[in-house]
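> Line order of the protein sequences matches chains A and B.
With the numbering used here, you'll find the first sequence wraps up at 112, consecutive numbering, no jumps.
With the numbering used here, you'll find the second sequence wraps up at 113, consecutive numbering, no jumps.
Because the hints were derived from the structure by calculation, they are not lab data.
Be aware that one or more of the hints could be misleading.
Taking lysine-lysine and the DSS-like style, the derived pairs with C-alpha atoms no more than 25 Å apart in a straight line are [claimed, not checked]:
1. A/100 x B/71
2. B/42 x A/100
3. A/100 x B/68
Sample of chain B residues facing chain A (criterion: CB under 7 Å; computed from the structure) [claimed, not checked]:
4. 25
5. 49
6. 78
Where a beta carbon is used, it is the ideal one built from N, C-alpha and C, also for glycine.
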Amino acid sequence: DSGVTQTPKHLITATGQRVTLRCSPRSGDLSVYWYQQSLDQGLQFLIQYYNGEERAKGNILERFSAQQFPDLHSELNLSSLELGDSALYFCASSVGPEEKLFFGSGTQLSVL
Amino acid sequence: GESVGLHLPTLSVQEGDNSIINCAYSNSASDYFIWYKQESGKGPQFIIDIRSNMDKRQGQRVTVLLNKTVKHLSLQIAATQPGDSAVYFCAENREDSSYKLIFGSGTRLLVRP
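Produce the complete structure using the sequences and hints provided.
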């Protein structure tokens, strides 16, 4: 167990809908990262937060947004969902930037 | 995307043999590298890391080698066990104005009994 908690584990929804994925980092970790893993793209970096502030951005779509709250948990919001958004979404945390990441078990999103 | 497109190579080894998994990274300015193991249905699990001021680092049954000249990273697993079967990813800290850990495409390791 990495200590990073993600909910829900599975999510099935329809095209056009909006979902929220939740992540609680390891105790003491200030940085939270979101990654998307699909079969044809591997692990893609989406976004990073550090102590509540956005720190780095990857190829995150405009339909996606994220935030990190004062208690350090993070949410990834995916809207206007498309079939191609079906993937595993991982959250990871670290003590700070440039430290090793610890990953949660992921949320499997299926858009039908 | 920032992750290399996925065409997953596979390494098949006999139980008890040593395994060597290779990775080429892209950014000569990257200064921190990590190996992760991902089992089916689970998140990536940290194995070992190395900073660019080192050429080699050893852990329990694992060794990471870094060759900055040719931008190459390898993971050596000694006495490979069935529980080592998984997909292995290398990741580089790509320092382009902000910290981003970018993953390679992965290698599947199959351990034959």
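> It remains to establish, for every hint, whether it holds in the given structure.
So, going through the hints one by one against the coordinates:
1. Pair hint residue 100 of chain A plus residue 71 of chain B holds up; C-alpha atoms about 20 Å apart against a cutoff of 25 Å.
2. With a C-alpha separation of about 18 Å, the suggested pairing of residue 42 of chain B with residue 100 of chain A holds against the 25 Å cut-off.
3. Between residue 100 of chain A and residue 68 of chain B the alpha-carbon distance is near 20 Å, which keeps this suggested pair within the 25 Å criterion.
4. Because the closest C-beta pair between residue 25 of chain B and chain A is about 14 Å apart, greater than 7 Å, the hint is violated.
5. This hint holds: residue 49 of chain B has a C-beta 5 Å from the nearest C-beta of chain A, less than the 7 Å allowed.
6. Interface hint status for residue 78 of chain B: violated, as the beta-carbon distance to the closest one in chain A is roughly 22 Å, over 7 Å.
Checked against the numbered hints above, the structure violates hints 4 and 6; every other hint is satisfied.
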